[in-house]
Amino acid sequence: MKVVIDTNVIVSAFLNPYGKPAKILRLVIQGSLQIIADERILGEYESVLLRPRFNLPAEDVLNVMDTLRKISLYAPPYHGNLHLPDEGDEPFLEAALSGGADALITGNKKHFPPGRCKGIKVVSAEEFLRSM
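The sequence shown maps to residues 2 to 133 in the working numbering.
Because the hints were derived from the structure by calculation, they are not lab data.
Just to be clear, a hint being listed does not mean it is correct.
EDC-like mimics (lysine to aspartate or glutamate), calculated; alpha carbons at most 16 angstroms apart, straight line [what the hints assert, rightly or not]: (1) Lys110 <-> Asp90; (2) Lys119 <-> Asp103; (3) Lys71 <-> Glu47; (4) Lys111 <-> Asp67; (5) Lys111 <-> Asp90; (6) Lys111 <-> Asp87; (7) Lys24 <-> Glu40; (8) Lys3 <-> Asp103; (9) Lys122 <-> Asp103; (10) Lys122 <-> Asp90; (11) Lys24 <-> Glu128; (12) Lys21 <-> Glu128; (13) Lys110 <-> Glu91; (14) Lys111 <-> Glu91; (15) Lys21 <-> Glu127.
Have a look at the derived ranges for each label pair, beta carbon to beta carbon [what the hints assert, rightly or not]: (16) Arg41 <-> Leu16: 16 to 26 angstroms; (17) Gly120 <-> Ala59: 30 to 40 angstroms; (18) Gly120 <-> Arg54: 33 to 43 angstroms; (19) Phe55 <-> Gly89: 10 to 20 angstroms; (20) Tyr19 <-> Asn82: 21 to 31 angstroms; (21) Arg117 <-> Gln35: 32 to 42 angstroms; (22) His80 <-> Asn17: 35 to 45 angstroms; (23) Glu60 <-> Pro115: 38 to 48 angstroms; (24) Arg27 <-> Lys111: 18 to 28 angstroms; (25) Asp61 <-> Asn9: 11 to 21 angstroms; (26) Met2 <-> Pro53: 33 to 43 angstroms; (27) Leu74 <-> Met133: 28 to 38 angstroms.
By construction, the Cβ of each residue, glycine as well, lies at the ideal position given by its N, Cα and C atoms.
Assemble the whole structure, with the sequences as input and the hints as a guide.
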């Protein structure tokens with residue numbers, strides 16, 4: 002199964018290693034799920050995780066990022082206009098569309114109105130794990 006994971010899910014995985022987002026990240030790292038990304042997405046993960054307010058060990062973040070860069074399926078560029086409420090969310094939907102994702106996993110479903118997602122299933126971490 003191929004998924005795109007929003008940054009808020011990745012951050013939650015780091016902040017609570019026992020939560021549902023962490024389980025999803027473990028499934029990706031173990032190879033049970035394929036993550037679709039591009040450099041915009043991976044760069045956002047890294048820059049957000051390294052923010053001082055999260056106080057995460059840089060070595061841990063960089064190790065996970067190195068793994069994600071190696072195992073990610075890189076989405077080809079998407080050519081089209083999505084017009085999401087938050088322009089910053091567009092790379093995630095673009096990667097899902099161009100990479101053939103089965104789901105986009107996010108903690109902010111309202112940022113991805115169904116009418117603009119062109120058939121991509123947008124789910125929370127809990128919904129995704131329930132559907133597996």
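Pair hint outcome, Lys110 versus Glu91 [Cα-Cα no greater than 16 angstroms] | 13 angstroms, holds
Between Glu60 and Pro115, does the C-beta distance stay in 38 to 48 angstroms?
-> Hint holds: Cβ distance 40 angstroms, inside 38 to 48 angstroms.
At the C-beta level, are Arg117 and Gln35 separated by a distance inside 32 to 42 angstroms?
-> Roughly 24 angstroms apart at Cβ, these two residues miss the hinted range, so it is violated.
Given hint Asp67 paired with Lys111 - CA-CA distance at most 16 angstroms | 30 angstroms, violated
Does the Cβ distance between His80 and Asn17 fall inside 35 to 45 angstroms?
-> Taking Cβ atoms as reference, His80 and Asn17 lie about 37 angstroms apart, which means the hint holds.
Hinted pair Lys122 and Asp103, Cα distance within 16 angstroms | Holds: Lys122 and Asp103 sit about 7 angstroms apart, inside 16 angstroms.
Are Gly120 and Arg54 spaced within 33 to 43 angstroms by their CB atoms?
-> 36 angstroms, holds
Within a Cα-Cα threshold of 16 angstroms, do Lys3 and Asp103 meet the stated pairing?
-> 5 angstroms, holds
Take a quick look at whether Lys21 and Glu127 sit within 16 angstroms of each other, Cα to Cα.
-> Given that 16 angstroms is the threshold and the Cα spacing comes to 6 angstroms, the pair holds.
Range hint 11 to 21 angstroms (beta carbons of Asp61 and Asn9) holds or violated | 18 angstroms, holds
Range hint 10 to 20 angstroms (beta carbons of Phe55 and Gly89) holds or violated = 18 angstroms, holds
Quickly compare the C-alpha distance for Lys110 and Asp90 to 16 angstroms and report which way the hint goes.
-> 11 angstroms, holds
Of the hints listed earlier, those the structure fails to meet are numbers 4, 7, 20, 21, 27, in rising order.
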